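J.: Construct the complete structure from the given sequences, taking the supplied hints into account.
Chain residues, written in single-letter form:
Protein chains: 2
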Amino acid sequence: MRFSKIFIPTTKETLKDATLPSHQFLLRAGFIAQNGSGLYDFLPLGKMVYNRIEKIIREEMNRSGALEVSFSFVTPANFWRESGRFEKYGKELLRFKDRKENDFVLSPTNEESAVNMVKNRITSYKNLPLHIYQINTKFRDEARPRFGLLRGREFVMKDGYSFHKDEECLNLEFEKMHQTYTKIFTRLGLNFRAVEADSGAIGGSGSKEFMVLANNGEDDIVVCDSCEYAANIEAARRKPSKFNGDEPESNMMSKFYTPDIKTIDELADFFKVDKFFTIKAVIKKAIFENKESKIVIFFIRGCDELQETKAINACGCLEFENLSDEEILKSNLVAGFCGPLKLPDGIEFFIDNELKNQKEMIIGANEKDYHIIGFSVSNFKNERFKDLISVKDGDVCPCCNGKLSITKGIEVGHIFKLGTRYSKSLNATFLDENGKSKPFIMGCYGIGVSRLMAVAIESKYDDKGCIWNKEIAPFSICIIISNIKDENQFNFSLNLYKKLGDLGIDVLLDDRNERFGVKMNDYELIGIPYAVIVGKNLVNNEIEFIARDGLIKEKISIDDIVDKIKTVLR
Amino acid sequence: MRFSKIFIPTTKETLKDATLPSHQFLLRAGFIAQNGSGLYDFLPLGKMVYNRIEKIIREEMNRSGALEVSFSFVTPANFWRESGRFEKYGKELLRFKDRKENDFVLSPTNEESAVNMVKNRITSYKNLPLHIYQINTKFRDEARPRFGLLRGREFVMKDGYSFHKDEECLNLEFEKMHQTYTKIFTRLGLNFRAVEADSGAIGGSGSKEFMVLANNGEDDIVVCDSCEYAANIEAARRKPSKFNGDEPESNMMSKFYTPDIKTIDELADFFKVDKFFTIKAVIKKAIFENKESKIVIFFIRGCDELQETKAINACGCLEFENLSDEEILKSNLVAGFCGPLKLPDGIEFFIDNELKNQKEMIIGANEKDYHIIGFSVSNFKNERFKDLISVKDGDVCPCCNGKLSITKGIEVGHIFKLGTRYSKSLNATFLDENGKSKPFIMGCYGIGVSRLMAVAIESKYDDKGCIWNKEIAPFSICIIISNIKDENQFNFSLNLYKKLGDLGIDVLLDDRNERFGVKMNDYELIGIPYAVIVGKNLVNNEIEFIARDGLIKEKISIDDIVDKIKTVLR
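Each protein sequence line maps, in turn, to chains H and D. For the first sequence, the numbering used here assigns the number 1 to the initial residue and increments by one for each residue that follows. For the second sequence, the numbering used here assigns the number 1001 to the initial residue and increments by one for each residue that follows.
A couple of the hints might just be wrong.
[Unchecked claim] Dumping the calculated DSBU-like pairs for lysine-lysine here, alpha-carbon to alpha-carbon at most 35 Å:
#1 H:Lys-498 / D:Lys-1165
#2 D:Lys-1165 / H:Lys-16
#3 H:Lys-183 / D:Lys-1470
#4 D:Lys-1100 / H:Lys-408
#5 D:Lys-1438 / H:Lys-16
#6 D:Lys-1438 / H:Lys-100
#7 H:Lys-126 / D:Lys-1470
#8 D:Lys-1091 / H:Lys-100
#9 H:Lys-126 / D:Lys-1555
#10 H:Lys-470 / H:Lys-342
#11 D:Lys-1485 / H:Lys-119
#12 D:Lys-1485 / H:Lys-499
Hints listed in this document are in silico derivations from the structure and should not be mistaken for laboratory results. No experiment lies behind these values; they were computed from the predicted model shown.
T.: Next comes the structure, spelled out in structure tokens:
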């Protein structure tokens, strides 16, 4: 394509409100345009990249045996009422009325629609499994849309839903999708990890997120330096931590006067032991689905931190709210001196798994200015013990003896074993081998299609602009005519453009009547993987070849250029 | 693909509310599913057909030099306020508020978004022309959604918008789009006509509709039997009609007592002349954009009929409303005796072009029980004369001497010279060669993408089901295994399936454990262009080949089948 015939409105201005490089560069290089809060148009360059991404996803999904469908974007509210989500889903669900005052929603996800498509159309185990997917617009009315395509309100998602007669079959599909997603993100040229994820309140028996490693990522992910283990911080596990040093002396369990000792550091100092041998209490106010609230205490080792999502899952609540001093007093708790022994009646508590059967621990005595030493964590019901702590840099991998470290990632995909959450509530059943009616066992599988464009940039860019990989770049190569008034330069470039085009290579020919500097700046901003600069040295049969990643330049003979391009694009 | 692995939930039930064959068959054969009034999901078969249609449209649009973009479906209301359409557009425009109480619309069309994308990004005539298009979801909150995909609320449209520095350039693009659409609909295998269309109140200097000929079409289109002329009935023209017979005697203009003569038939009878020599008055109450109303009279030949859209355009109103006897009386009009001479003060009227300078006409005298004979239609201002009449079967073509006939069509595309309607109201300008600021001259170009699936069926089907042409059929051929328990039949079919697949042919292998009759009924309902039936005669090396169109069957040797298929699909 010729630059003079395409619409690439680049700008030098730094755009306020665009804090991330992907947001900044996609706007400045003319890939996207904002037309409202969290609403973006795709300009020609953006649409080219988008189409490449979509094509790879569609090809691999079809290859996996999943069937492409499409659900209407405007969805009748009755589907969402039946599943219970019309009321429960927050304000992100955009609800509206049509001219006849009927309720509708703009789909933020399509579990309900998928179940409705299959319900009564598949009635026997003989026609299972089935995996249907779509690549379609979604809308989530985010409270604070930001970061451009990374957290917009309107976006495109690939959402797939599988239906099975049993868990075993679901597990096979889950594994197949794991492989399919791996193929997709590999073909997209991204540096990603499939990480264990929190299955959340929906339950379900398994969940994996696909994270692209990027400094500006919103998510913390834990990776092992020696095996394949990786997990979202919310779901990360470790080998139970051990104390490297002398164990403390054995003590009879006894109460000690510890005036004004309120922090763990002070406590360890006071008893001259490592924080490893202390137990701290984290007090939370848990809000449940029925809107009721309850105080819950989480006991963890003094040197650990509570992982909030794990804590939420442990007590089965929706979220935590701030707790006032007054509320703590009212419940007869002694802030700073809480321990798992002799808690006031009716206080719910959980203890971290790693504390099970630990001896010689120091705990609060639930009495002002007193702690208990020589405590053994036993005599608690099994249900009290949960995984509650946040994995840290340097912890030991749960799968090998490797070292774990924490890095930043951006979520691009999520595969999830749903179970019967939606088939049950929407009453979608099939007849099994014995003629018995059963709800479908379901899985769901998402990829954020439009956000992948931003993610690709977040994973590779420099201070001059985008650096696209060749898999999804809008063009593979850009030919820059240094001076279009030089007939030789122009004709040589046009010829090369045609020759490469005949080889099926996507070329952008910068034939604009602009200064060389302007064209070079635009090239760097747009970030096409390679460029050929046709300049003054053409008279010596020499042109320049540039790799965008690193801006590596080399002089090359005009006789070698086609082979060079073929080689780098192979 | 194997039938056992795909999701094609066919049903024998006739579906109530589905009055058109396309609606009935698309639902029954498992191409689409309804999930609300005017809302449809696409099942795998439907999505396959849709994708083929979309691909052809995208390829030809790109080939024409138009650039693919995408506009957000949720559009801020301020765009529509600026253009004036937020208030003016009827209830079909779905308006809603987000969580922050800001107004938005679901795009029913995207002139505003297109202008916004180009505004301030193209500032010089040097970067014109530009044509941007998208293939995207639209929503129109129809009062009475019906006919399945033909008049749904959510649908997919290809909408393109071109920007030019002058009319000449717009005309070139309009002509190019005429050719591009012709290529698209030809590749889609449709029997269509490009017809002259009403440019409507928006004005603009030209407009063509692309109509697929179909008995169940909503539109009347006029076609010539000997030249290329074709037009929507609302825009159709003809050679002025002539009277074949003896002209009436010459009369002095004089008033005649014509008691109780109210209809044109009675009048012609009374004076023993042909209706050709009478003028009838059609009285309308016109409603204007500013909500005011006015009585307007349209005078046309007694043997013609008023074309309402032409009449609306003639007086520049939005629509006509019913007129009560009381309102006629109040305005001092004498119903049944209205004529263009001596009308009460303040009554607006128009006269059909063909009446200009006609002599010896009989008109109402604007006096009860009186008519005037010997009237010559002259002495009226030129602005009074407009094209007002509806072309009839048998009228003479305006371009040649061919005969016009009226047939039914379904609109699938519309190309339109918009002019400056939107660039002016949205203040979108560029600098011309002289550095002068000017509004863009625009064109717009639409194709109803999802409705094409229904249109293809309306243009060809039989009482058993769909008859897809090979260009957009979900599969090119279906191999039906008569009895899957017969190992020879099964293995031969599977082999043929693989062989054809290797040739790049899309094959559906009906490998289901169902009776032959069930499979055959499904084949006929789904309407794949060709089928091979592998049955008992396989032992004699003979199978059956079927063409869906006409259900023509022939026995064929297994040695010839691949060549046969290659030939019919060429």
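J.: Determine for every hint whether it applies to the structure shown.
T.: Against the structure, the hints:
1. With a C-alpha separation of about 29 Å, the suggested pair H:Lys-498 and D:Lys-1165 falls inside the 35 Å cut-off, and the hint holds.
2. Distance restraint check for D:Lys-1165 and H:Lys-16: the Cα-Cα separation of roughly 33 Å lies within the 35 Å cut-off, and the hinted pair is therefore satisfied.
3. For the hint pairing H:Lys-183 with D:Lys-1470, the CA-to-CA distance comes to about 33 Å; that is within 35 Å, so the pair holds.
4. Proximity of D:Lys-1100 to H:Lys-408 is assessed by CA-CA distance (about 32 Å); at most 35 Å being required, the pair is judged to hold.
5. Restraint check for D:Lys-1438 and H:Lys-16: the C-alpha separation of about 30 Å stays at or below 35 Å, so the hint holds.
6. As the CA atoms of D:Lys-1438 and H:Lys-100 are separated by approximately 43 Å, the hinted pair breaks the 35 Å bound.
7. In summary, the hint linking H:Lys-126 to D:Lys-1470 is supported, as the alpha carbons are separated by about 31 Å, within the 35 Å threshold.
8. Under the criterion of a C-alpha separation no larger than 35 Å, the hint pairing D:Lys-1091 with H:Lys-100 is consistent with the structure, at around 10 Å.
9. Between H:Lys-126 and D:Lys-1555 the CA atoms are separated by roughly 34 Å; this keeps the pair inside 35 Å, and the hint holds.
10. The hinted pair formed by H:Lys-470 and H:Lys-342 fails the criterion: a straight-line CA distance of about 64 Å is larger than 35 Å.
11. Taking the CA atoms of D:Lys-1485 and H:Lys-119, the gap is near 30 Å; set against the 35 Å cutoff, the hint holds.
12. For the hint linking D:Lys-1485 to H:Lys-499, the alpha-carbon distance of about 56 Å lies beyond 35 Å, and the restraint is violated.
Of the hints listed earlier, those the structure fails to meet are numbers 6, 10, 12, in rising order.
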